[in-house]
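> Each chain, written out:
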Amino acid sequence: MALINVKKKEVQIKIVYYGPGRGGKTTNLEYINETYQDRIKTQMVSLKTHDDRTLFFDFLPFDVGQIKGFDVTIQLYTVPGQVKYNATRKLVLRGVDGIVFVADVQKEQRKKNIESLNQLYENISTYNLDLFEMPLVMQYNKIDLKQANIPILSSQTLQKDLNSSLRAPAFEASALSGGNVILTLKKIISITLASIQDQLF
Amino acid sequence: MNSLTELKQAIDSMESRIEDIVVDSLQQQLSIIGEQSAGKTAVISVIRMMQAIGRYLGSRRDFADKDALPVLNSLAIALEKLVTGPDLKKEQINQTLSECIQNYKSLKHKIASQPLVTDVEIQDLKAVILAVDWEISEITLKTFDTVTSRMLTRLKSHKILHAYLMIMHSMGRYIASKKAMAHKDSLSFLRAVFENFERIVQMPDMPLKEKQEWIEKDIEAFYNFKREIFSSEENSTVSIDKPVPCDTPVPCDTPVPWDTIDTTEDEIIQPALSHVKTSSRQVVEDVVPLGPPSERSVAGQSGDAENITPALAGRKKRVPAPRDIMDDLFSGKESPADELLDAIHLASVQGPDQKRAMDMNEPTKEELQEEGIKNFTPHRMENEPIPEIGDRLDEFFNLDIPEGNPAPAVIEKDEPLEVVDDSVVSPADDTPMETIVPFQHEDESFEETMVEENPDEENIDEEISTQTRLNRVSSLVKSHDGLLEEQTAIDRDLSYLKTKWQDDSDKTMLVDIISCLLMKTYPPASTDSETVADETAADETAAPIPEQLDNHPAGFWGKIKSIFFKSK
Chain A
-9 MALINVKKKE VQIKIVYYGP GRGGKTTNLE YINETYQDRI KTQMVSLKTH DDRTLFFDFL
51 PFDVGQIKGF DVTIQLYTVP GQVKYNATRK LVLRGVDGIV FVADVQKEQR KKNIESLNQL
111 YENISTYNLD LFEMPLVMQY NKIDLKQANI PILSSQTLQK DLNSSLRAPA FEASALSGGN
171 VILTLKKIIS ITLASIQDQL F
Chain B
76 MNSLTELKQA IDSMESRIED IVVDSLQQQL SIIGEQSAGK TAVISVIRMM QAIGRYLGSR
136 RDFADKDALP VLNSLAIALE KLVTGPDLKK EQINQTLSEC IQNYKSLKHK IASQPLVTDV
196 EIQDLKAVIL AVDWEISEIT LKTFDTVTSR MLTRLKSHKI LHAYLMIMHS MGRYIASKKA
256 MAHKDSLSFL RAVFENFERI VQMPDMPLKE KQEWIEKDIE AFYNFKREIF SSEENSTVSI
316 DKPVPCDTPV PCDTPVPWDT IDTTEDEIIQ PALSHVKTSS RQVVEDVVPL GPPSERSVAG
376 QSGDAENITP ALAGRKKRVP APRDIMDDLF SGKESPADEL LDAIHLASVQ GPDQKRAMDM
436 NEPTKEELQE EGIKNFTPHR MENEPIPEIG DRLDEFFNLD IPEGNPAPAV IEKDEPLEVV
496 DDSVVSPADD TPMETIVPFQ HEDESFEETM VEENPDEENI DEEISTQTRL NRVSSLVKSH
556 DGLLEEQTAI DRDLSYLKTK WQDDSDKTML VDIISCLLMK TYPPASTDSE TVADETAADE
616 TAAPIPEQLD NHPAGFWGKI KSIFFKSK
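Chain order of the listed sequences is A and B.
Numbering of the first sequence is given in our numbering, commencing with residue -9 and proceeding in unit increments.
Numbering of the second sequence is given in our numbering, commencing with residue 76 and proceeding in unit increments.
You may find that some hints are simply not true.
[Said to hold, decoys possible] Cross-link-like lysine-lysine pairs, in silico, DSS-like; alpha carbons within 30 Å at most:
#: 1; chain 1: A; residue 1: Lys80; chain 2: B; residue 2: Lys449
#: 2; chain 1: A; residue 1: Lys97; chain 2: B; residue 2: Lys201
#: 3; chain 1: B; residue 1: Lys231; chain 2: A; residue 2: Lys31
#: 4; chain 1: A; residue 1: Lys(-2); chain 2: B; residue 2: Lys449
#: 5; chain 1: B; residue 1: Lys254; chain 2: B; residue 2: Lys201
#: 6; chain 1: A; residue 1: Lys102; chain 2: B; residue 2: Lys284
#: 7; chain 1: B; residue 1: Lys253; chain 2: A; residue 2: Lys136
#: 8; chain 1: A; residue 1: Lys74; chain 2: B; residue 2: Lys231
In case anyone wonders, no lab produced these hints; they're calculated from the structure.
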């Protein structure tokens, strides 16, 4: 839930990057952190296992400045993608305001994408939230693998698999090179703020 | 008895339609009666039979055996008799119970002996396949789709039969999309699959393992057939690897033609959330494509791409300092991340205390209100963000650097400007090389920023600095006899060169020789020499660049040359 401090004129929203393991959630945050380091000014918290996988979560907070007199703070989180950490994923989702679902476009990851999204729906439901009503953006990551002749799923298939009922905005992306990472971020912040703007601005 | 009345009402309402709510009500009333009749064996037995029939009805609903409800009704009557009957003798109780058991068993036997697929269904399916074989038309294909879809729904829980139906349904969709252009073996393959399906249905005693082998073979044949189709149509139809035009909305509700979906696993995989619901939203937003790097527009700003350093491309691998998790638990909380970390650790979230973890650190509404905080749960809506949101985000994520306003990381107000050394007397003074800040005088923050932004820059800087220093030493030595003013600068440059070339003994020896010779040319050291040097250096910044260096009398450089080339 978005926290709005009326006295101090502050707004805080929590965005969670969710998706199957090794899909590029952490890479998204790393790109954002690297590219805007001088503006973000805070330290990215990232706890990883010895094989460079997210153990608990990644955390990157930053202020985007004032909108209509309100200081807007964004908190970006990722969840651990590994199947065994679902309880942690649930905890990270607590109080979520917007979700970026990072899908892996590799053909062999097709089932995992679907399973992960189904699980996201279940996890969100434990907080009495409806994924169909949440601010949500789809990101089809690793699109650049096509150039390396690695079989990837077409965007149409991904839309059919993941977005046919949700119908959220979707972006092809390459988090490693930064392609569409910022557009994805801007979109999720934008629709999340838009969803509370009537109460706020 | 209230529960008995409600039980009867539930059974009566099942006559018209079996719904979850009614089945739940039935089970609930049975549980209540069971609790009230604790110790009465006959009553408990009847209740168990009724519960089993209730579960069966709940799972099969309209497809349930037509005798199930009458049997349930008879059991309800017997139950009422057993519960409310005054002073029933033991023989009467046993007789009632044995009748109930007989009814229940006969129903169970009937259900078990029923074929999973009725003869009528098999005949229907056979008929539509033959119809499609005879004529591929909209009507025959639509009928085929209706029959297979109905059977798919009904046999969802029977995996083998369901898989057969999936294959047939898939083939039907392919034929529907290609019609007369469909592969010539499509129909014969469809018939072959149907024959195997029919055999399995008509041989209920076939061992499960054998059924599995059959379906595995047919699935493999299905994939092989698909590959064959794709290989034969590769040049003439849309390849699955061909990029999908992202500006075309994806018609989510219409069947996707065979040749636009993936070759592997396509039909077997159910889309995400298909078990939940379909959205009522009408707007289908396109996938925003990722263009080639040169065309990318990051942050919505055209022309930004060139200024963006690719993520991770220019960074050093930073090894985060190890965190002692247990220490973190007892330290002061600084951010929501710390609190979340504590929740994860303290609650042993993978264990039985997950619910406790969910509730941890959750401020109450009252607490939030006291602090003047309101919380809203955002809901995705169709409303457009107000312009200020877009403007703010554009501004924040804009990487464009305005002209004449270099990146703040490079310009430091407190930078020791004197070390830029404008006093360098060189024809190359106006080249960019000369504006590089000497390495040892850069402040650390500047150095870090530069290194992180582009690690190669450091090497370039060093290379330039080395060249600059050589030029500077050469120029100073050539242009001055006394060398008093440049003593500090030359010493510094020589010291740098010596460090730089420390692995090359020849070069360091030459630098040593130069240093020694210079020492001999210096005037006797005075206590205020440094002050003088600084002052003169400052004056030197205003000194004009000598235009004709060759006209100067032979300086120190000439003297060194004369040492080495004396014999010539």
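> It remains to establish, for every hint, whether it holds in the given structure.
Against the structure, the hints:
For the given pair, A/Lys80 sits about 23 Å from B/Lys449 by alpha-carbon distance, which is consistent with the 30 Å threshold. Taken as a hint, the A/Lys97 and B/Lys201 pair is broken in the structure, with Cα atoms around 35 Å apart against an allowance of 30 Å. Distance hint between B/Lys231 and A/Lys31 is unfulfilled; the C-alpha atoms sit about 54 Å from each other, more than 30 Å. Between A/Lys(-2) and B/Lys449 the CA atoms are separated by roughly 12 Å; this keeps the pair inside 30 Å, and the hint holds.
A C-alpha spacing of about 19 Å is found between B/Lys254 and B/Lys201, which places the hinted pair at or below 30 Å, so the restraint holds. For the hint pairing A/Lys102 with B/Lys284, the CA-to-CA distance comes to about 28 Å; that is within 30 Å, so the pair holds. For the hint pairing B/Lys253 with A/Lys136, the CA-to-CA distance comes to about 28 Å; that is within 30 Å, so the pair holds. For a cut-off of 30 Å, the pair hint linking A/Lys74 to B/Lys231 stands: about 29 Å separates their Cα positions.
Violated hints, listed in ascending order, are 2, 3; each of the other numbered hints is respected by the structure.
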